[in-house]
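Asker: Protein sequences, first through last, are from chains A and B. No gaps in the numbering here: position 46 of the first sequence is 143 in my numbering, and each next residue is one more. No gaps in the numbering here: position 25 of the second sequence is 57 in my numbering, and each next residue is one more.
Because the hints were derived from the structure by calculation, they are not lab data. Heads up, a few of these hints could be off.
Said to hold, decoys possible - Simulated crosslink set (SDA-like; lysine to any residue; CA at most 20 angstroms straight-line):
1. Lys-206/A x Gly-70/B
2. Lys-169/A x His-68/B
3. Lys-169/A x Arg-211/A
4. Lys-206/A x His-68/B
5. Lys-169/A x Gly-70/B
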Amino acid sequence: MRRREDEIERLGVAIVAVTFEARERAEEYVRETGLRWPLLIDRRRALYSAYGMGRGRGWAIWGPASWWVYIKLIARGRRLRRPTGDIHQLGGDVLVDPAGRVALRHVGKGPADRPAVAALLDQVRHGPRDFR
Amino acid sequence: MGAAPAVAFTLEDTAGTVHRLEEFRGRWLLMVFHRHLG
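If we strip away everything but chain B, and leave its shape as in the complex, we get (with noise of 0.2 angstroms):
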């Protein structure tokens, strides 16, 4: 069983960049989710 496709997303960050899923597409990819920014 393969696995599953990572989730499409269209986040802004905060210098006002748009990333998307896709530009990461032919390199690994580690996205790292914060719990509040304490």
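Pulled out of the complex, with its shape left as it was, chain A reads as follows (with noise of 0.2 angstroms):
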């Protein structure tokens, strides 16, 4: 994923990564990953419920394809911990553009439901799209 990031931020996008899970984690996670951008901490999940990231379940959290993502992070070298924030709690992307409009958005069905970075660097030089 990181890589993905590098890649849109050469073109000049910046980036925020945004987590619901509690300061301390968040902190935690920062140092673990060393994570260049910032991450904003929305506990009252707000802004994921405004962007339609709701909680998924059965086979998009628990399926095969979550668990390929993990085995790769591992593969990488990534440590994996117990989660302790809601596993159900659904993430996604949304590119917004200089004008302050959604240019993108992308509800993530589970871990391995991701835009291509083709698709968002395709927003960036032309206009806006709903994925859902």
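With the hints as a guide, bring the two chains together.
Answerer: Written out as structure tokens, the structure reads:
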């Protein structure tokens, strides 16, 4: 995922990460991963909710695609922890254009469901789309 | 039909800096919403 953001950042796109987890865990995450972008804390999940990121369930959370994501992280040397937050909370990506309009909104169905770099870059070069 | 305006926010980051949507006006902004930080 980080490689994806690096490529996007090279186009001059500002990046922020958002988490709903507690400050202590968020600070720990930044230390562990060396995250270079601001990690914003949205404890009430108001921004998640505003962009339609609710709670997922079933196969999207527990299915093989999710396990594959975690296996790849471990293979890259990432130490996984027992989750402290709500494992059903969905994430996603929102791309905002320079005029403050939503150019792309992608609500992930599970950990493996992220928009491709090409789709994000396409939005920077062209216009708005909505991914669900 | 135009795109929807982005949702305004005021959120603090892990360093204690407060960020608002307005500070990114004039730039593209990618917001990456994490699931749990496992």
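Asker: Would you list, in rising numerical order, the hints stated earlier that this structure does not obey?
Answerer: none
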